[in-house]
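With the hints as a guide, dock the two chains, each given alone in a separate frame, to form the complex.
Quick note, the sequences are listed as chains L and C, same order. Sequential numbering of the first sequence, starting at 1, is according to the working numbering. Sequential numbering of the second sequence, starting at 1, is according to the working numbering.
Read the hints as simulated data drawn from the structure, not as lab findings. It cannot be assumed that every hint is accurate.
Unchecked claim - Here are the simulated DSS-like pairs of lysine-lysine, each with C-alpha atoms no more than 27 Å apart in a straight line:
| no. | chain 1 | residue 1 | chain 2 | residue 2 |
| --- | --- | --- | --- | --- |
| 1 | C | 101 | C | 32 |
| 2 | C | 101 | C | 184 |
| 3 | C | 32 | C | 184 |
| 4 | L | 507 | L | 438 |
| 5 | C | 74 | C | 123 |
| 6 | C | 184 | L | 127 |
| 7 | C | 187 | C | 101 |
| 8 | L | 127 | C | 187 |
| 9 | L | 438 | L | 504 |
| 10 | L | 208 | C | 32 |
| 11 | L | 127 | C | 32 |
| 12 | L | 438 | L | 508 |
As the list claims (entries may be wrong) - If you only want the chain L side, here are some residues facing chain C, beta carbon under 10 Å, derived:
| no. | residue |
| --- | --- |
| 13 | 123 |
| 14 | 124 |
| 15 | 128 |
| 16 | 191 |
| 17 | 225 |
| 18 | 226 |
| 19 | 227 |
| 20 | 233 |
| 21 | 240 |
| 22 | 244 |
| 23 | 254 |
| 24 | 261 |
| 25 | 262 |
| 26 | 326 |
| 27 | 535 |
The beta-carbon is built from N, C-alpha and C at its ideal position, and this holds for glycine as well.
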Amino acid sequence: MSNTISPAAHQDPHRVEPDSGRETSTYLNNGYGWKSWLFTIDHKRIAILYLVSISFFFAIGGVFATLMRLELATPKGDMLQSDTYNKLFTMHGLVMIFFFLVPSIPAVLGNFLMPIMIGAKDLAFPKINLLSWYIYVVGGAATLYVALTGGVDTGWTFYTPYSSTYANTHVVPMAIGVFITGFSSILTGLNFIVTVHKMRAPGLTWFKLPLFVWAQYATSLIMVLGTPVLATTILLVGLERLFHIGIFDPTLGGDPVLFQHLFWFYSHPAVYIMILPGMGVISEIISCFSKKRVFGYSFIAFSTLAIAVLGFLVWGHHLFVSSQSAYAGIVFSVISMLVAVPSAVKVFNWTATFYKGTIELTTPMMYAVGFIGLFTIGGLTGVFLAIMSVDVHLTDTYFVVAHFHYVMVGGMLMAYMGGLHFWWPKMFGRMYPEFIAKFAAVTIFIGFNLTFFPQFLLGYMGMPRRYHVYPPEFQLLNILSSAGASVLAVGYMLPVFYLLWSLKWGKKASANPWGAKGLEWTIPSPPITHNFESIPVVTEEAYAYGSEPTITVGPGHQNPNPHYKDDPIV
Amino acid sequence: MTPLSDHVLPAGVPPPTAHHFIDLHQQEEAEKLGMWTFLITEVMFFGALFTAYVVYRNMYPEAFMLASSKLDWKLGGLNTLVLIVSSLTMAMAIRGAQTAKRGVMLWNIVFTMILGAVFLVVKYFEYMSKWEHHLMPGPSFDVEAFGAWGPQARIFFSIYFAMTGLHAFHMVVGLGIMTWVFLKARKGHFTPQRYVGIEISGLYWHFVDLVWIFLFPMLYLLGAHTTGLGH
Ligand SMILES: [Cu+2]
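Extracted from the complex, chain C is given alone in its bound form (with noise of 0.2 Å):
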C-alpha cells in the first residue's frame, strides 16, 4: 500500500506518513502493535493487584464476604451497563469512519464519552457514600463495624480502592484519547482507507470496559446479598 495522495480524499487531510516509515500500511501496523503491546503493559498493572486480591480472598473469604456487602451492587451493575453500550457506542464510531460516516462517527463518540463520564459521575457518589460511612481505608475507617473481621475488610477496602481507582483513572485518560480522537474526526482525519487512530482508541477504550467486566463480579457480586450475611 502506499501513501494515500491527500486530493483522494473526501473531507480534510490526513497527515502524510511519517518521515521514517516506509509506507502507511508500515506506519499502520506499528500503531496497531504498539497499542496491543501497551495493553499487554495494562494486563500486567492490573495483574498485580488481581493477584492481592485472590491472596486475600482465599486467606479472608468469610471478611471478604462481609465487606462486600457494603458496596452498592446496584450502582455497580449500572456502571457495568453503561460501559457495556459504551463500548458499542465505540464501535459504531469505528463503523462510522470505516464507512465514511462522519456523523455517525462523531455522534457515537460523543455518546461514548457521555457514558464513560456517567460511569464517573456514578463511581463519585459511590465512593462519596463510602467516605461517609467510614469505609475509606484511613484514618477514619471503622474497624468496627466488622466484628472480628476489621482489619481484613480494611484489606478487601483497601483492594476495592485500588483497583476501583486505577480503573477510574484509566477512564479518565480514556475521555482524554476520546476528545483528542473527535478534535481528529472532526478535522477529517479518519477515512475508510485510514481509521487506525480511532481504531487503536477503541481497543484501550474497549480493553478499560473489560476491566471493568471483571471488577464487578469480584467485588460487588460475593454471595453476600443472597445468603443475607451483612445488612
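Bound conformation, chain L alone (with noise of 0.2 Å):
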C-alpha cells in the first residue's frame, strides 16, 4: 500500500532527465567553485569530499601493503631492511584503520544516506559535520609529514613501553595524528546519535528505520564511547615519551600492561566500528536484490546493539599472553565466543532473506554474497582465536593477520564496495558500467582469498607476524599471498577507473534504478540540496517488497520495474 506523501510523489520517478534541455538542480551543480565545496555544509558533498579523501589514503595504505608483500616473495630480507619493514606494516595499519577503515562506511554512505533515509534535510549539526571533515585532514596530515619524514616503527598498536620510551622513531607527531583524528571520529558518531534521535520524519518510527541506521547509530555508539579512551591513552604515550611520566613504564614503576588494557578498551571495539556499518550496507543489499524484506528485521536490529554492547567487553582477549589473570582471562575468553551469536543471528537472517527471494546477482549482490562467506570465515577464526589455549599458539602469528584481514578487507571492504555500487546512480545520478563491474568483483574475490587464506596456513605453522625474513620451507605459502596480492591490487584499480569514466558517459540514473524501498529511492539521483520538497511522512515498515510502490504517482501510471508483479512473496 502507497503510504509515503512527498512532493517527490508527484513526479514520476522512473523518469530520467533528458540528456539535452534545462539542467536540473543537484546537490551536485549547486555551486562549482572550491568554497561550494570547502565551506559546504551539505551532508552529501562532505561524503563527496570524505570519499575523495578516504581513497587517498586508501593508496597510500596500498603501496605500503605492496612494499610488503614484494619483500615476503622471498624468504631472505633482499629488499628492504628490517627497520624499514617496521614501518611499512606500522604505517599500513596505522593508515588502513584510522584513515580509511574507520571513516569508510560511516563518514562516506552513512554521511550522504543517513539523514535521506530517516527522511531530513541534512544532519542534526551541518557545520560540526564539516568540521570532523576538517580535523580528520589535519589528522592525515600529521600522518603524511610522519609517512614522509621517516615513519614510525611501533605497530599501529603504540605497544609501550617501545613506543613511550625506546621507539627512536616519529612516534610524537603520529600519536597527534591519531589523537586528532579521533575528535572527527567522536563528532560524527555524535552528529548521527543526535540526528538518529532527533531528526527522523513523522511517522518514521524506530522499527521502521532501514537496518542500515541502526548500524550507523550502534556503530556512532561505540565512537563516541571508545575514542575519548584512545585519545586520553596516546596523551599519556606522549607525555611518557616527552617528559618520562613512568606511567607506562616499568622501569619506573609503571605497569605497560595498562597501556594494553586502556588501548584495546577502544581498539577491540573500533573493530566493530569497522564492520558493523558494514552488515548495515549488506542488509540493504541483501534485501533489496531478493526483493524480500529482511529476514528477521528486529533480530539483525537488537544483534547490531548486541555485537556494540558485548564488543565493549571483550577486550583482555588481546592479553591472553600478556600477564593478565587466568581468570579474568576465562572471563573474557567467554565473552568473545559470545559475540559470534548475534554475529551468526545476521548471517542466518541474510542467508535466509535469500529464500524464495528473486535473486538478481548485481554487482552489489555480488558483494554481498562474498561478504557473507568472508565474514563467516573471519568470524569463526575469531572464535579459534578467543580459545585461550589455541590463542597461545596463534598469538602473533599470521594466522591472527589473516583472521582481522578476512573481517577487515573480505568483511567492511568487501561491503562498502558493494554499498558504493549500490548507491553509486544516487550519488550521481550515473549507473556505472555493470559488465566490469562484476569482473572487477570476481577479481577482488579471488585476489583476496589467494592473498589471505595461505596465511591462515603460515600462521597454523607458526610463521610470527611482522617479520621481514622466513624461513625457506614457507615460500610457497608466501608466493601465492604475495601473487593474490597483485590480483587484489588490480580488482582495487579497476573500480577507480570505470568509475570515475561513469562519472561523464555512465548511462543516466533514475530515481530508482534498481526498484529498492526506502526514502533515498524516491527523491531523485543525484539529490536536490534539501534531499526533500517538503518532510516526507511514513507509515510503510522498512522493506516493503511486494506491496505496491512506496511512491504513489498520477493516474494509469504502470511501475516498469518487474519485480513488483512476480514477487512470489506478496
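See below:
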C-alpha cells in the first residue's frame, strides 16, 4: 500500500532527465567553485569530500602493503631493511585503520544516506559535520608528515614501553595524528546519534528504520564511548615520551600492561566500528536484490546493538599472553565467544532472506554474497582465537593477520565496495558499467582469498607476523599470498577507472534504478541540496517489498520494474 | 511548538530556526541531546585517567598517601568552594534567562566567569609551587624526596598533573563558552521561550565542576594529613 507522501511523489521516479534541455538543480550542480565544496555544510557534499580523501589514504595504505608483499616473496630480506619493514607494517595499519576503515562507510555512505533514509534535510549539526572532515584532514596531514619524514615503527598498536621510551621514530607526531583524527570520529558519531534520535521524519519509528541506519547508530555509540579512551591513552604515551612521567614504563614503576588494557578498550570495539556499518550495507543490498523484506528484521537490529555492547566487554582477549590473570582471561574468552551469537544471527538471517527471493546477481549483490562467506570465515577464526589455549599457539602469527583481514577486508571492504556500487547511481546520477564492475568484483574476491587464505596456513604452521625474513619452507605459501595481492591490487584499481569514467559517460540513472525500497530511492538521482522538497510522512515498514511501490504517481502509471509483479512473497 | 515570531520578543532577535530542522522544538531537542552526548564522551576521556588512578593507587597506596600530602588541601578546598559557588551562579544565570531578568542573567554570567578565573589563578599558584619544589614530573623531579617511593610518587604527580591539567583545560574552554554566552545574552538571544544555548553551556559548566568534586578528595585527601605521614 502506498503511504509515503512527499512532493517527490508527484513526479515519476523512473523518469530520466533528458540529456538535452535545461539542467535540473541537484546538490552537485549547486555551485562549482572550490569554496562551494570546501565550505559546504551539505552532508552529501561532505560525504564526497570524505570519499575523495579516504580513497587517497586507501591508495597510500595499499602502497605500503604492496611493498610488504613484494619483500615477502622471498625468504631473505633482500629488498628492505628490517627497520624499513617495521615502518611499512606500522604505517599500513595506521593509515588503513584510522584513515580508511573507521571513516569509510560511516563518513561516506552514512553521511550521504543516513539523513535521506530518515527523511531529514541534513544531519543535526551540519557545521560540526564539516568540522569533522577538517579535523580528519589535519590528522591525515600529520600522518603524511610522518610517512614522508621517516615513519613510525611501533606497530599500529603503539605498545609501551617500546613506543613511550625506546622507539626512536616519529611516535609523537603520529600519536598527534591519531589523537586528532579521533575527534573527527567522535564528532561524526555524536552527529549521527542526535540525528537518528531527533531528525526522523514523522511516522518513521525506530522499527521502521532501515537496518543501515541501525548499524550507523550502533557504530556511533562505539565511536562516542570508545574513542575518547584512545585519545587519553595516546596522550599519556606522548607525555611519557616527552617527560618520562613513568606511567607506562616499568623501570619507573609504571605498568605497560595498563596501556594494553586502555588501548584495547577502544581498539577492540573499534573492530566493530569497522564491521557494523558494513553489516548495515549488506542488509540493504540483500533485501533489495532478493526483493524481499529482510528476514528477522528486529533480530538483526537487536544483534547490532548486542554486538556494540558486548564489544566493550572483550578487550582482554588481546592480553591472553600479557600477564593478565587466567580468571580474567576465562571471562574475556567466554564473552568473546558470545559475540559470535549476534554475528551468526545476522548471517543466518541474511541467508534466510535469499530463500524464495527474486535474486538478481548484480555487482552490489556479488559483493554482499562475498561478504557473507568471507565474514563467516573471519568470524569463525575469531572464535578459534578467543579460545585461550589455541590463542597461546596462534598469538602474533599470520593466523591473526589472516583472521582480521578476513573481517576487515573480506568484510568491511567488500561491504564498502558493494555499498558504493549500490548507491553510486543515487550519489552521482549515473550507472556504473555493470559487466566490468562484475569482473572487478570477481577479481577482488579471488585476489583476496589468494592473498589471505595462505596466511591462515602460515600462521598455523607458526610463521610470526611482523618479520620480513622467514624460513624457506614458508616460501610457497608466501608467493601465493603475494601473487594474490597483485590480483587484489588490479581488482581495486579497476573501479577507480570505471567509476570515474561513469561520471561522464555512464548511463543516466533514474530515481530508483534497482526497484529498491527506502526513502533515498523516492528522490531524484542525484538528490537536490535539501534532499526533500518537504518532509515526507512515513507509514510503511522498511523493506516492504512485494507491496505496491512506495510512491504514488499519477493515474495510469505502470511501474516499469517487473519485480513488483512476480514477487512470490506477496 | 512553532518558531517564535521575532516581534514577540522583548529584547533582541534570536536567530531563526536552522534551515534543516522542522521547527524550533526539534532544533532545541537536538542541541540538548548533542550536549549530553558530548558530556558522555567527556566522561570517557576522564574515565581513562580515573582508571589509571585507581590501578596505581591500589598498587602503591603508601606512595600515594605520601605524595598526596605534598598537595595543599587548603588551596584545593578553596577551589572546590569556588567551583561550587560558580555552579550556583551559573544556575542563577539560566534562571535569569528563563524569567526574562536580563540583569540577573548578565551579572551571574560575569560572576561565573570571575569564579572560573579565580579557580585558574589558584591553580596557577599551586602548579608554580609544585614546580619550585621539584614535584613536576620530568627531568627536575626530586625522586629523593620520597625515599624508597620516589618513582611511585612521580606516578602520582603524573596523574595529578594529567587530571588537573585536563580539567584546567576544560575550565579555559568553559571561560571561552561563557564569553560567547555573555555576548549572545547581551544581544538578547536568550528569552524565556528560548534559552537552550545558555542552558547547555551551563550543563558543560556543571560537568566540569563535577569532575573537580571527584578530583579533590581523590588527589588531596588521601589521609596523610590526618595520620601525620609525610610532612
Ligand atoms: Cu579484539
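Results of checking the hints against the structure:
no.: 1; hint: 101/C - 32/C; verdict: 23 Å, holds
no.: 2; hint: 101/C - 184/C; verdict: 15 Å, holds
no.: 3; hint: 32/C - 184/C; verdict: 18 Å, holds
no.: 4; hint: 507/L - 438/L; verdict: 16 Å, holds
no.: 5; hint: 74/C - 123/C; verdict: 12 Å, holds
no.: 6; hint: 184/C - 127/L; verdict: 19 Å, holds
no.: 7; hint: 187/C - 101/C; verdict: 14 Å, holds
no.: 8; hint: 127/L - 187/C; verdict: 22 Å, holds
no.: 9; hint: 438/L - 504/L; verdict: 20 Å, holds
no.: 10; hint: 208/L - 32/C; verdict: 25 Å, holds
no.: 11; hint: 127/L - 32/C; verdict: 16 Å, holds
no.: 12; hint: 438/L - 508/L; verdict: 19 Å, holds
no.: 13; hint: 123; verdict: 8 Å, holds
no.: 14; hint: 124; verdict: 4 Å, holds
no.: 15; hint: 128; verdict: 8 Å, holds
no.: 16; hint: 191; verdict: 8 Å, holds
no.: 17; hint: 225; verdict: 6 Å, holds
no.: 18; hint: 226; verdict: 7 Å, holds
no.: 19; hint: 227; verdict: 7 Å, holds
no.: 20; hint: 233; verdict: 6 Å, holds
no.: 21; hint: 240; verdict: 8 Å, holds
no.: 22; hint: 244; verdict: 7 Å, holds
no.: 23; hint: 254; verdict: 6 Å, holds
no.: 24; hint: 261; verdict: 8 Å, holds
no.: 25; hint: 262; verdict: 5 Å, holds
no.: 26; hint: 326; verdict: 19 Å, violated
no.: 27; hint: 535; verdict: 6 Å, holds
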